[in-house]
Amino acid sequence: MEIQTISNPQSPIPNLMELTDYQHIHFERRDHGILWMTLNRPDVLNATNIRLHTELTEVWHTINSDPTISVAVVTGAGRAFSAGGDLQMVEDAYRDYDEVLRIYEEARALVYNILNC
Numbered sequence: 550m551e552i553q554t555i556s557n558p559q560s561p562i563p564n565l566m567e568l569t570d571y572q573h574i575h576f577e578r579r580d581h582g583i584l585w586m587t588l589n590r591p592d593v594l595n596a597t598n599i600r601l602h603t604e605l606t607e608v609w610h611t612i613n614s615d616p617t618i619s620v621a622v623v624t625g626a627g628r629a630f631s632a633g634g635d636l637q638m639v640e641d642a643y644r645d646y647d648e649v650l651r652i653y654e655e656a657r658a659l660v661y662n663i664l665n666c
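Residue numbering for the sequence shown follows this note's numbering, starting at 550 and increasing by one per position.
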């Protein structure tokens, strides 16, 4: 089976974060190269705020750069995987057109980064 890389010329590889640098994602390394990622905002059903949105975009570069990780499993803390976007984030962002564009570009990069991981 051939694996294709989907190019995203507008998503440069950032300065890689260490797994310990993430505020809203907790990591647990398991046997056989498995990395367990837990979205950790259970008080708001793991709704995505600006910080978590950025972390979800960047984490795939971090994972891809670590040869000891073969599989990443994403789960949510508490009773929900994720409620989606934090409504306060959405409300705040829509007051600033440039912020809306930044979030949309970051969302695009998030998808490409997952596909290329």
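For the record, the hints were derived by calculation from the structure and aren't laboratory data. Glycine included, each C-beta is placed from N, C-alpha and C at the ideal position. There may be inaccurate statements among the hints.
[What the hints assert, rightly or not] Here are the in silico distance ranges between beta carbons for each label pair: (1) N613 x Q572: 18 to 28 Å; (2) L650 x G582: 35 to 45 Å; (3) H581 x E640: 36 to 46 Å.
Hints, verified against the model:
1. N613 x Q572: 18 to 28 Å: holds (21 Å)
2. L650 x G582: 35 to 45 Å: holds (37 Å)
3. H581 x E640: 36 to 46 Å: holds (43 Å)
Consistency note: the structure conflicts with none of the earlier hints.
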